[in-house]
Each structure stands twice: as structure tokens, then as C-alpha cells.
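**Student:** The listed protein sequences derive, respectively, from chains A and B.
When we follow this note's numbering, the leftmost residue of the first sequence carries the number 1, and every step to the right adds one.
When we follow this note's numbering, the leftmost residue of the second sequence carries the number 160, and every step to the right adds one.
The hints are simulated quantities; they were obtained by calculation from the structure and are not laboratory data.
Beta carbons: idealized from backbone N, C-alpha and C, even for Gly.
Treat the hints with care, since some could be wrong.
[Said to hold, decoys possible] Computed footprint of chain B on chain A, listed as stretches where at least three residues anywhere in the stretch have a Cβ under 8 Å from a Cβ of chain B:
#	segment
1	108-117
2	135-149
[Stated by the list, open to error] With the Cβ distance kept under 8 Å, some of the chain B side facing chain A (calculated, not the full set):
#	residue
3	Ala233
4	Asp302
5	Leu305
6	Val308
7	Ala309
8	Arg312
9	Val345
10	Gly349
11	Val350
12	Asn351
13	His384
14	Ala385
15	Gly386
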Amino acid sequence: MATAPQHLPTPTLSLRAMREDDLPGVAAAERDSYAFPWSEGVFRDCLRAGYICRVAEIDHRLVGYGILSVGAGEAHILNVCVRAEYRCRGLGRRLVTGMFDLGRAYGASDLFLEVRPSNATAIRLYQSLGLAQVGLRRGYYQAADGREDAIVMRLRLAP
Amino acid sequence: MADAERRAAYLGVLGIDHWVLRRAPAPVLAPAPAPESPMPLSGWAALESDVRDCRRCGLHQGRTQAVFGAGDRAADWMIVGGAPDEDGDRQGLPFAGAAGQLLDAMLGAIGLSRDAVFIAGALRCRPPGDRDVRVDEIAQCRDHLLQQVAMVRPRIIVAFGPVAAQGLLGTAVSRDGPLDGLRGSVHRFGVNTPVVVTYHPAALLCSPGDKRKAWEDLKFARQVHAGLEPIRG
Numbered sequence: 001m002a003t004a005p006q007h008l009p010t011p012t013l014s015l016r017a018m019r020e021d022d023l024p025g026v027a028a029a030e031r032d033s034y035a036f037p038w039s040e041g042v043f044r045d046c047l048r049a050g051y052i053c054r055v056a057e058i059d060h061r062l063v064g065y066g067i068l069s070v071g072a073g074e075a076h077i078l079n080v081c082v083r084a085e086y087r088c089r090g091l092g093r094r095l096v097t098g099m100f101d102l103g104r105a106y107g108a109s110d111l112f113l114e115v116r117p118s119n120a121t122a123i124r125l126y127q128s129l130g131l132a133q134v135g136l137r138r139g140y141y142q143a144a145d146g147r148e149d150a151i152v153m154r155l156r157l158a159p
Numbered sequence: 160m161a162d163a164e165r166r167a168a169y170l171g172v173l174g175i176d177h178w179v180l181r182r183a184p185a186p187v188l189a190p191a192p193a194p195e196s197p198m199p200l201s202g203w204a205a206l207e208s209d210v211r212d213c214r215r216c217g218l219h220q221g222r223t224q225a226v227f228g229a230g231d232r233a234a235d236w237m238i239v240g241g242a243p244d245e246d247g248d249r250q251g252l253p254f255a256g257a258a259g260q261l262l263d264a265m266l267g268a269i270g271l272s273r274d275a276v277f278i279a280g281a282l283r284c285r286p287p288g289d290r291d292v293r294v295d296e297i298a299q300c301r302d303h304l305l306q307q308v309a310m311v312r313p314r315i316i317v318a319f320g321p322v323a324a325q326g327l328l329g330t331a332v333s334r335d336g337p338l339d340g341l342r343g344s345v346h347r348f349g350v351n352t353p354v355v356v357t358y359h360p361a362a363l364l365c366s367p368g369d370k371r372k373a374w375e376d377l378k379f380a381r382q383v384h385a386g387l388e389p390i391r392g
């Protein structure tokens with residue numbers, strides 16, 4: 001006979017500033033998620049360069065992260081990632097819209113990002129959030145068979 | 160007794176298997192984080208003030224002023240040199256002396272000018288008596304270089320000379336040693352900004368025979384800038 005259902009605590013997703021001691025976990029999640037991951041040193045440089053670096057957590061467990069650069073009225077999402085075991089639950093959507101809010105708070109009127117044409121899930125998410133393709137960067141990404149283009153997408157942040 | 164527990168008890172009495180979801184319920188999302196208040200100073204003003212007052216290494220003791228860098232803050236090309244010399248320290252500008260005139264000519268050869276690029280140094284303060292800079296001084300100054308690159312967002316960085324190469328690549332480069340191992344390939348700085356290494360103009364003034372090799376490097380840099388190399392890993 002089974003036991004009664006447990007009353008699980010309700011998980012909530014929160015975004016907080018990334019710290020140096022987050023870097024090993026962030027870099028491990030990056031390695032699990034990408035064929036050509038950023039190194040831990042690149043993430044460390046992101047912190048030191050003053051980019052807006054956030055980790056997404058549920059109950060203090062790392063769920064994902066995002067890196068945003070803002071300058072001259074433009075925000076660029078440099079990296080956004082949800083760990084594999086937390087995907088398909090709307091967390092990426094919340095993480096990305098959290099990055100939009102940060103871009104607005106830092107005065108950006110437009111937001112840009114690059115995405116691989118092969119990443120159909122990400123492209124669908126971005127389109128559903130109002131991003132539209134504005135360009136293509138040829139040979140932007142490394143790929144197993146050479147280079148892959150990048151789709152450049154844009155969102156108007158300011159009304 | 161809660162409804163769920165009572166239901167489970169009844170089902171048990173009736174001999175019916177009680178199924179429980181194995182997976183935790185989908186998380187309830189926290190409300191979007193409250194917007195943060197932007198930095199009190201705009202990015203550039205904050206960085207300039209930070210550099211002006213910097214005391215991270217001992218070089219601040221002997222400087223007339225820190226040399227921040229100059230040029231187009233939205234440039235495609237970023238030029239990185241070594242430490243300020245006497246002229247730079249006095250004028251507050253990078254590449255202020257005779258080497259600067261040669262730099263202008265080198266930039267002109269690939270259709271650029273000082274106004275069209277952003278010029279910075281691996282170091283922002285002049286070492287006393289223009290002595291060799293130390294590795295720890297280069298490392299201390301690297302964050303300011305990272306921050307400048309983050310704000311300019313150049314498509315390419317050209318490192319002029321071994322101190323610039325060391326500041327950008329983090330690899331030990333002997334001041335008088337050959338740059339040949341670093342020339343002709345694309346290195347990366349920060350979030351994968353491409354870096355091309357060539358000779359410092361001051362070195363070319365001493366060894367004019369290397370000018371032809373520097374010209375090869377600049378043509379290579381122009382190719383990288385034209386998008387023939389990927390930017391992100």
C-alpha cells in the first residue's frame with residue numbers, strides 16, 4: 001500500500017547576482033548543455049567585465065543562468081541556459097523575461113541575441129516572446145562539421 | 160485529517176492501490192524580480208572614475224595620471240598597447256610619442272584612423288623610469304581592460320607588442336622575446352572577442368625589418384574583422 005502524498009514545498013524560481021563561488025557549478029552546467037561550451041574563465045571574465053550575470057535558483061539549487069551586456073541603449077543576451085533536468089517547465093521563459101526586465105532597468109530600448117538555426121526549441125521560445133529575426137551572422141558558431149551561422153534576433157524593450 | 164490523507168486511508172481499506180506522482184509538481188514561478196536600480200553613474204563615467212582613482216598596484220604612486228584610453232567608444236576595432244610612457248603619462252593619452260606616429264601610419268595602411276578605433280593599454284599607469292612591467296601589475300590592470308572591451312564591444316582587438324599580448328592572453332611573453340608564436344592566429348579575450356597579435360610600433364622603430372611582418376599581421380586582422388572567423392565558441 002502506498003503512502004499518502006507528501007506535502008512538497010512549493011518551488012519558486014528566483015534570480016540573483018552570480019558570484020565567483022557559483023562559477024564551478026555554472027561551468028559544469030554549461031559543459032552539460034553545449035557542444036562548444038564557454039570555459040569557467042570566460043564566465044569569470046564576464047563577472048569582472050561588469051556584465052549583468054544572474055543565476056536562476058529553486059530552493060537554492062542552480063537551475064540556470066543568464067549573462068546580459070547593456071550599453072548604448074542596447075542589451076545583448078550573451079548566454080542563457082536552463083540545466084537539462086529542469087527544462088520543459090517554463091523556466092527558460094521566466095529566465096529570459098527576467099533578462100528583458102534587467103535590460104529595461106539598465107536603460108536599454110532594444111535587446112538582441114544570437115541563436116543557432118539548429119536550436120529550434122530556443123527559436124520557438126524567442127519568437128513566442130516577441131523576438132524577430134533581424135539578421136544572420138555567417139559562420140558565427142563552431143560546429144562539429146565546421147561552422148554554423150547565427151540567427152540574430154531583436155526585441156523592442158521600450159514602448 | 161487532510162482530504163488527501165483521508166482519501167488514501169479509504170482507498171487502503173478498499174484494497175485499491177493508491178498512486179502518487181513520482182515527480183515533484185511543476186514549480187510555481189516566483190514573480191519576476193523587482194527591477195534593479197541602474198548604476199548611479201553611467202557605465203563609462205563609473206569606469207573612468209574607477210580608473211582615475213585606481214590603487215590596485217604600486218604603479219599609482221609614480222604616475223602623473225592614469226591613462227584611460229581614447230577614441231571611438233563604439234569602435235569595431237580596439238587597439239591595445241603596453242604601459243604609458245613619459246609622453247603618455249604627461250598628456251594622459253595612449254601612444255602619445257614617436258611610436259604613436261608610426262601607429263597612425265599603420266592604422267592608415269588598413270584604412271583606419273585614431274578617431275575610428277578605441278585605443279587602450281594593457282596598463283593604465285607609467286612604470287617609474289619606464290622599467291619593465293611586472294606580471295602582477297599586468298594582472299591587476301586586466302579587469303579595467305575587460306570592462307573597456309565589454310563596453311566598446313569591438314569586433315576585433317589588435318595587440319601591439321608583448322605586454323599587450325600578455326595582458327590580453329594571460330600567457331607570459333618575454334618583453335624582448337619573439338612574438339612569432341603568437342602572430343598569425345586568432346586568440347580570444349573575455350567573451351571570445353578575437354585578438355590578433357603584432358609588433359609594438361616602438362619595436363618597429365628599432366627593427367624596421369619587421370615592418371613587412373607587421374603589415375602581414377594587419378592584413379590578417381582585416382580578414383578576421385571581415386567575419387572569416389567565428390566569434391563565439
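**Student:** None of the hints should be skipped; say for each whether it holds.
**Tutor:** Against the structure, the hints:
no.: 1; hint: 108-117; result: violated (count 1)
no.: 2; hint: 135-149; result: holds (count 7)
no.: 3; hint: Ala233; result: holds, 6 Å
no.: 4; hint: Asp302; result: holds, 5 Å
no.: 5; hint: Leu305; result: holds, 4 Å
no.: 6; hint: Val308; result: holds, 7 Å
no.: 7; hint: Ala309; result: holds, 4 Å
no.: 8; hint: Arg312; result: holds, 7 Å
no.: 9; hint: Val345; result: violated, 12 Å
no.: 10; hint: Gly349; result: holds, 5 Å
no.: 11; hint: Val350; result: holds, 6 Å
no.: 12; hint: Asn351; result: holds, 7 Å
no.: 13; hint: His384; result: violated, 13 Å
no.: 14; hint: Ala385; result: violated, 11 Å
no.: 15; hint: Gly386; result: holds, 6 Å
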